[in-house]
Structure formats: structure tokens, C-alpha cells
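**Q** Below are the chains, spelled out letter by letter.
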Amino acid sequence: MGRLRHLLIGAGLVGSVFLTAGIDYFEEQLPSTMNPLYTRTMVDRRSHELVFDRLFYRSAITNELRSRLVDRFQILEGGKKIKITLKPGVKWHDGKALGPADVCFTIDAMLNTKNPSNESKDYRDSLAGCEALPKENAAVVAFKKIYHNPRERIAFHVLPKHKFDSTTISQEDDFALRPVGTGPMKASKGRREVSFTAVPNAHHQPNIDRAQLKEGGDPFVQVRTLINGGVQGVVSVAPPLRPEVAASDDVALKSYDLRSWWFIAVNTSNGALKKKEVRQALNLSLDRAELRELTIGVDKDDPNPPCEFISGPFVQSSPYYNRQIRVTERSDRAKAASLMQAAGATKAAGRWTVDGAPVNLRLGMNAPLNGEARDLLNQVGNQLQAGGFDRQVYRVTADDWNRKVVSGQMKEFDLLIGKWSFGLVEYVNPLFHSRTGGKGAMNIFNYSNPKVDNILARFDAARTDTEARDAYHDLHSTVADDLPYLFLWKLDTKSAWRNEIRNNIIAPYYYFTEFDGWTQER
Amino acid sequence: MMLERLMTRGPVWVSLAVLGVACTGGPPPKPVVTVDGLPIARALFAATWPLDVVSDEARGPFEEPIYVELTFRRDARSAISKSGGESSLAVARAHADAAALYRQGALAAGTAYVQYFDAPLGQDYDPAEKVHLMMVGQSLRGDNKAAATHISAVQALGPDAVTAGWSAPWLAYHQAGSAWPPDLTGSPFKAPPVAVGQWPEYADRPSFTVKQRDETASELRLDDPTVLLQLAQWHDAAALKAAGPDNADVLAVYGARYRLPAEPATSASADLPLEFRFGGDYLHPADGAFMAAVTGTAGLGAIDSYKDKSFLAAVVVACRGGDGKISSEKVVDLANDLRKAWKSEQAEKYGNEHASHSIFADVAVAGVYRNLAMVAELEGNRETSGELRIAAKDMGELDAAAAPEGLVSLVAWDAENQYTMRGLEIIHQQVRRAPSLEVVRTALDLLAIRIGRSAGSGGTPGL
Chain D
4 MGRLRHLLIG AGLVGSVFLT AGIDYFEEQL PSTMNPLYTR TMVDRRSHEL
54 VFDRLFYRSA ITNELRSRLV DRFQILEGGK KIKITLKPGV KWHDGKALGP
104 ADVCFTIDAM LNTKNPSNES KDYRDSLAGC EALPKENAAV VAFKKIYHNP
154 RERIAFHVLP KHKFDSTTIS QEDDFALRPV GTGPMKASKG RREVSFTAVP
204 NAHHQPNIDR AQLKEGGDPF VQVRTLINGG VQGVVSVAPP LRPEVAASDD
254 VALKSYDLRS WWFIAVNTSN GALKKKEVRQ ALNLSLDRAE LRELTIGVDK
304 DDPNPPCEFI SGPFVQSSPY YNRQIRVTER SDRAKAASLM QAAGATKAAG
354 RWTVDGAPVN LRLGMNAPLN GEARDLLNQV GNQLQAGGFD RQVYRVTADD
404 WNRKVVSGQM KEFDLLIGKW SFGLVEYVNP LFHSRTGGKG AMNIFNYSNP
454 KVDNILARFD AARTDTEARD AYHDLHSTVA DDLPYLFLWK LDTKSAWRNE
504 IRNNIIAPYY YFTEFDGWTQ ER
Chain Z
28 MMLERLMTRG PVWVSLAVLG VACTGGPPPK PVVTVDGLPI ARALFAATWP
78 LDVVSDEARG PFEEPIYVEL TFRRDARSAI SKSGGESSLA VARAHADAAA
128 LYRQGALAAG TAYVQYFDAP LGQDYDPAEK VHLMMVGQSL RGDNKAAATH
178 ISAVQALGPD AVTAGWSAPW LAYHQAGSAW PPDLTGSPFK APPVAVGQWP
228 EYADRPSFTV KQRDETASEL RLDDPTVLLQ LAQWHDAAAL KAAGPDNADV
278 LAVYGARYRL PAEPATSASA DLPLEFRFGG DYLHPADGAF MAAVTGTAGL
328 GAIDSYKDKS FLAAVVVACR GGDGKISSEK VVDLANDLRK AWKSEQAEKY
378 GNEHASHSIF ADVAVAGVYR NLAMVAELEG NRETSGELRI AAKDMGELDA
428 AAAPEGLVSL VAWDAENQYT MRGLEIIHQQ VRRAPSLEVV RTALDLLAIR
478 IGRSAGSGGT PGL
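Those sequence lines, one after another, are chains D and Z. If you're matching positions, the first sequence starts at 4 in this note's numbering and goes up one per residue. If you're matching positions, the second sequence starts at 28 in this note's numbering and goes up one per residue.
Each hint should be verified, as a subset may be incorrect.
[As the list claims (entries may be wrong)] Ranges of calculated distance between the beta carbons of each label pair, as one might list FRET restraints:
#1 Z/Ala-382 x D/Asp-402: 43 to 49 Å
#2 Z/Trp-207 x D/Asn-307: 34 to 40 Å
#3 D/Lys-138 x Z/Pro-291: 54 to 60 Å
#4 D/Asn-502 x Z/Glu-380: 17 to 23 Å
[What the hints assert, rightly or not] Facing chain Z, according to a computed beta carbon distance under 10 Å, are these residues of chain D, among others:
#5 Arg-61
#6 His-151
#7 Asn-152
#8 Ala-158
#9 Tyr-323
#10 Val-409
#11 Lys-422
#12 Ser-424
#13 Ala-471
#14 Asp-473
#15 Asn-506
#16 Ile-509
Hints listed in this document are in silico derivations from the structure and should not be mistaken for laboratory results. Glycine residues also receive a C-beta, built at the ideal position from the N, C-alpha and C atoms.
Could you put together the complete structure from these sequences and hints?
**A** In C-alpha cells, the structure reads:
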């Protein structure tokens, strides 16, 4: 492994000799698509920010609501509509002019329910339609109800109408590989990388000519390659490597505001896992403190670790986190055994048997997560085995995770280790609601609990902030007991960029929003 | 010993860049670093604290546990506890840091409440008692005119209102002409007698429960930021008691930059002794006076009047962009050069590298960022100020380069911008050391929920 690492580092250095002006950076994985209508991963979101413009966005520094595409706007009918007039001279990467028809096309595509777009769901709830006013280079966007802040409701990436035959858009077409946007860079996705090339425009003057997204592998190799100058940035630096990065004179750690939490989704429809007591026993079989130490390298005496345990589907700093629910930090085998016995299980030769069959768990993990938590899959498996549960472990490819796991098509697994990331908005309903009527779109094992559905409906219907908070506090306590997920931890994200990349402001959640201002010292 | 242990957990050593360093008796001293040809004078650089504590003997006094807690761990509470109640400049500084922390906490909570209840986020179902928190929030922000608009509504809540006890001192303050400070002795929170080496917290949470004006009259529990101002005042008094009246000007200068907008500026201009600079944001003896002047009545005019006697003022001048204001890009470039220069100079003076050199350089750079962020704000350049505040945060959030009062100041700044994500995380970390900051969390939680619910997009979970 050591030799391989050195070879990889060497390859990175040799590669850097031939680089022209531009930046190379390591991402957690390749984007699953370059079409923002089908954004699934945070890598997608970050990559799309380079290629497309959102109609409105917030400043990464002052949080001010801004637009690079809209010259002026007018709120109509008290917030039921908004008229936006586009800036003149904005062109798509293929040279065609951006027009109001593109804005309306994007809205129509989002409203088209034939497009299986999770990203569009929020917009479908609020948008009613759009009318293009070509003579005025304007569009009037209509909402389903009055909003005091209608600009917030149209903060989507704009698609080029001329690149599509209809508003029914394929997930797999050429646009998903070679998109056309109005953002600072045009992109081409290859098998191992995404290449970005600057496209000066009326509203964008990027200072960096080209960028290349490389799929991150071994986190150690990523960091060594960065420090040696083989790449200019690493989007996510593994916690044990952060001190080394911080000590370098040539590289700086950068905060990336993101709320990410890790979980093990439990297939509550499979075998013994149908029983709540078994799920609770599994929860108590995990020694999270040991897992954290072994896989993330957190010093157990660190009073403020970058990785903090959670007991429900929010990070601890969230207002929705119910602090009454304690985290399970250490395993409790005796209590786990008691729960298994209550579930009718018997133990022979150190293995649990339920309803006459040994408990044999198929455990999977989203493969790219191994970069942040090395060997987590095996360590979890080992702990489960030590608790008397047989297990088989599998790495799930990013592609399978993005396409099958999230859409509830990986039912052959019993447990799946994953991570969710949120920005300012923490809307977890799609994770836990029954898959009915378009709800529960990210419900991994199609978990269904009427009590939970009722709580989620309360959140959606909440008029006051306290009603919303109380609903999610109730959700937290309910799922912490029912355990459709075994909740692990929050892990913050730190990027590292070489100092020759200057003014590299990282936007919360979206990352590259302020890319125009990034410069490279040559 | 403790210091050694902390340092061995520090960064890996790297070879130091050798910069041109002038020797005595030779040609005229070269500037240490330059930005677009503008020099930072060697004399100013040489008088910065990282170069004052190079020898083992000079560093020795600062390896005492109280300084280790205060500077390496940035934990004022722990530092105060190490004092054993004995007065010293070290414990005085720890109390002063606590005062700044609570001041910024009060500002953050007050600002969050104002943003939450005021237009455009305010809702018609908000409780009637919101006027009290808006009055307090505006008072802390120094907007007495806005605060005064709520006085009659606060009075109309009546003497039996759950907020009445908290309102009374502020009503009296405004009725007496808003002359700082408000007399908070009548507040429901009774601070203990001032004692060096103590860390008071409220025993009963400073909460009141009010009814929202929705169909169900649902309840809302709110915490009053006044308690944080009371704690700040308590630590001010403890700091003065520990430092002695002869050091009153030093304390006034030291705390000036974190005073509330409502508080009058200090006229003090004392040099800061090393005990008040080591491991902190003030690098040169005159830096405290410069920051007190520039954030006080002298305003931006202090930059030119201090540029030859304060290191930080010289840095401000060197980092001016084409518009005559601070350029964040220049600050970052200069900070990188300064970091190398501090490390190089320390190694040269010490004879070889020491584990402290890199840490001290990072702490000093973070100090440059934090101070220049304040000056940029005064220049009206909020964007640059924000960039530098975030750059300081990136230098460290829980270690020697972090300053809790600076981080909580960022929370207040973000709350003003209706941005809560960063602030919630900072407060979540800081309440472990200062539990009374839960008051800030209460206000930020509400603001975060309201902003999140009104955002409309960006809520799709990412993989």
C-alpha cells in the first residue's frame, strides 16, 4: 500500500509538470450528472455551480440575495407573481442568447412530473407557471400562493431551451455529460474526470482559465499531492490529515458550511429487522466511540472533535435537534442481549437466531465514504459480529447508491451506511415519509410508520416556527426509538487549497458560487 | 510541561523560508515584508509579541497554566479557575476576555431577536412581548431611536407581564436619556458579588414563556439577553479588581474593540504590556490604542496617525487597495508573508526551530485578520470585513488561533445578515465553556427556523 501511495503521489507530481494555467482539484467522487435538474449528490451541486447560473443566489459572505442573470424585478399581486427582466448580453456557452423562454422552459421542466427530479419537488410545491415576455426580455413567474420573498422561490439553475426537444428531459442524454450553461465554466464529463473551461460572458469574467475535477481516492494521496503541488485543491480533507495541511506554508484549510450526518439505514421490512427490539439491540451493539476513533482518527480525549455523535436526523447544533434524546456512545451488550431475548431470539455458539433462522445481515456502504472514514464498513461489521450478528459486507458504488439506494431499489440489503448533507434548510421529510403520493422520495428502505407520517405532515402544516420545531423534535424522539436509521455522527467538512489560489471564497452548501473572484498566482 | 504537551500535538515542522533580515551596524534596515512596495517597518515588526517571547526565559512566565488555558486553549473560564482567586494581570486579562465574550453574546442574541421579530421576517402571530426583546436588542445595538419606538408598547404590556422585570431597567435607561450604562441591578438576574477567579452563571435560566397570537395560543420560551450584559459587566469589574486601578486604562484599551455599539468610546490610549498581548490579537504595544482609537471617536483618521507607531495600523496602510480601503486579497498575501517572516525571525533569534514558532505565527496572523476585519467594517466594506472574519475563523476554531470573543462577534455579524448556520455551530461549541451563551442559542434557533422555513429552496438533502 505504501509503495502504491508513493507511485500515485509521483504520478500526481509528474502530471503537474505538464499543467497549463488552471486548477486541478480532488472531489469525493465524480458527479452523477451534469444536468442540474437531476442533482443528487453534493458533488453534483458543487459542479453545477460552475456551469450554470441560479436565477437568484445568496452572497457567500453577506448572505445578500443577488442575481447575475436578472437585471431588475417587480413583485406583482402582492407576491403571487414576480416579473423578472433579464440582463442583456448573457449568452449560453454555445453562443446563443439567454432569453425569458429559457427561464419559462426550466420552470415547465420542473413542473413536468414525467421528469423524476427530486430537485424539482420544492419548486413544484410553490411554482404555478411562467409567461415569457420576449419583447421586454422578461418573464412573469406565477406562484401557487403569495410569498413575501418570491425571489427565494426561484433560486434554480436555468436550463437552455434550445438544447432540448421538450420539457420531458432524459437523465442519460448528452447534456448530462456535456452541459451548456451560462456559468463561468463549460464542462465535459469524462470517465475519470470533469474538465472545465472558462467562458467569459457579459455577467461572468472568470480569472481561472481551466479546472479539472479529479475523483478523489486515498485521502493520504490527495493531501500529499496537494502539498507537493500536484493539485491545487481538495474539497474534503479527512480529519486525521488536517493538522498536516494546517502546518503547511503553502496550503490553507478552508471552512465549508455544510450540515452532514452519517447513518446506517435499517431495512425494517427484512426478517428479524422487522422487530423493533432487534433494531434497538443492533443500536446498542455499536460502539460509536470506538468506530470514530478507528475510522476517523478522532482522539477520544478531544473535547471538541470534528465528529460529534447524534441521536437523530439532525446535527447537534441544529434547532431541530432534540437535546432530550441522548446519544448512544458506547455499546451495551447486556442490554442488547436482553432486547434480543425480548424479541424471542436465542443465542447459540455466540450467534443470534430469530424465528429459527440465524440473523445474517447484508451490510453495505456508499463506497466514497471510505475516504472520510477509513474501513468503517468492516469496523461496523466486526462490531455487529462481536454482538452475535452474522454479516456480509459490500461496498456500494456511488452510481448504485445515487440511482438505486436513494430510490428504494436496494431492498436486498439489511443495513446501508450513508451520509446526508444539508444547507440552511433541513427538510428531512423525504427520508422518512412513506413512499406515497410523491412523498418519501429518498426513503432508502421504504420505511413506513403512520406515526412518523403524521409528524411529518404536522411539520409541513406548521404555521408557527414552534410548531415546526416541535414536530421535528417529536420526529427525532420517534425515530430514535423506532430506529429506521442507526444514527452515527455529524462530520464537518474542511477543504484545502494551495495559497496560489487566492480569493477563493467557498459558499455555504453550493461551494463555487463566487468562483469569478478566484484568482491564481502564476 | 503542559505547554510542551500541547505543542507536541501541534503541526509537523517544515523548512523555513529565509527572508532578508537586516543586521545592526550594516546598511539601512530593510522592510520586513512589502505589499506593492509599501513596507512594514522593521522596528514595528520587531516589537510584535511573537518576537518578544523567543527565548526560553522570556517565554517561561507564559507557560504557567493560566496562560496556557488563556492563550493555547483559548478557554477564559479554565484560565480564571487556575488563578486560585489571586489577582494578576493574567487573570485580569481572562476576565476581560470573558467580558468581551458576553458582550458579543448579548449583541448576537439581541440582533437575532431584532431580525426575527422585525420586518420582513416578523409574523403576525408573534407574541405581544416581542416589543420588549426588540427594545433590548435595539438598545444593545445602539439604535436608541429604534428602541424608543417600542417603549410605549412595552409599557402597555403592564406591570404583570412576564417581561416586566427585564423591561424595567431598560425603560428607566431610556427615560433617563439613554446614557450608558443602564443600571441593571433591578434585573431578575442577581449577579453575585464581584470576586476575582470566579465564573458566575445564572442559576435560573433567564426565560419567560409567552403566548403566540395564533389560533392555539401556542407557547414560546424566550431568553433575555440582558443577563449576558450583566455577566459582561461583572467580568469587567473582576478584571479591574484583578489588574488594579493603575491598569484601568490598559483594560479600557484592551476591551475597546469589542464594546457594544451602545457604549461610549474610551479616551484611554495606554500601551499594552506583554501580559495583555502574548498569544493574542494585539501584536505591538500600540496596537490596542490604535484599535481603541479607530473603533472610537478618532475613527478612520487613527490609521494615519498610528501608522508609524502601531504594527496593525501599518498593516492597514500596506493593505489598502486602489480605492484606498483594505483589500482582502492584499491582507491574505501579507498575512502569508508575515507568517513566514515570524517563523523565520523566531528561528533565527532562537538559534533553531521550536514547536512554538509556528503556533505563534498562526495566532498572530489570526489577530491580523480579526483586527483588519473590524477596520474594513468601519470603512464601510462589509464584504471585505466578512472575508477577513472568515479567514480568521479558518485559522482555528478551537485552538490557539481561535478567539471565542471573535467567533461570537462573527455570530453577531452573521445574525445581522440573517445567516445562522455558522453561528449555530459556533455557539454550540462555545456553550460548553460558557453555558450562559445558551441565551444566544435560543435566539439563533428561532431565527434559523424562520429563515429556513421561508427559504423555499435548497432543502433537498444531498448525498
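**Q** Each hint should be assessed against the structure and marked as holding or not.
**A** Consistency of the hints with the structure:
no.: 1; hint: Z/Ala-382 x D/Asp-402: 43 to 49 Å; verdict: 46 Å, holds
no.: 2; hint: Z/Trp-207 x D/Asn-307: 34 to 40 Å; verdict: 35 Å, holds
no.: 3; hint: D/Lys-138 x Z/Pro-291: 54 to 60 Å; verdict: 59 Å, holds
no.: 4; hint: D/Asn-502 x Z/Glu-380: 17 to 23 Å; verdict: 21 Å, holds
no.: 5; hint: Arg-61; verdict: 8 Å, holds
no.: 6; hint: His-151; verdict: 6 Å, holds
no.: 7; hint: Asn-152; verdict: 6 Å, holds
no.: 8; hint: Ala-158; verdict: 5 Å, holds
no.: 9; hint: Tyr-323; verdict: 8 Å, holds
no.: 10; hint: Val-409; verdict: 7 Å, holds
no.: 11; hint: Lys-422; verdict: 7 Å, holds
no.: 12; hint: Ser-424; verdict: 4 Å, holds
no.: 13; hint: Ala-471; verdict: 6 Å, holds
no.: 14; hint: Asp-473; verdict: 8 Å, holds
no.: 15; hint: Asn-506; verdict: 5 Å, holds
no.: 16; hint: Ile-509; verdict: 9 Å, holds
Checked against the numbered hints listed earlier, the structure breaks none of them; every hint is satisfied.
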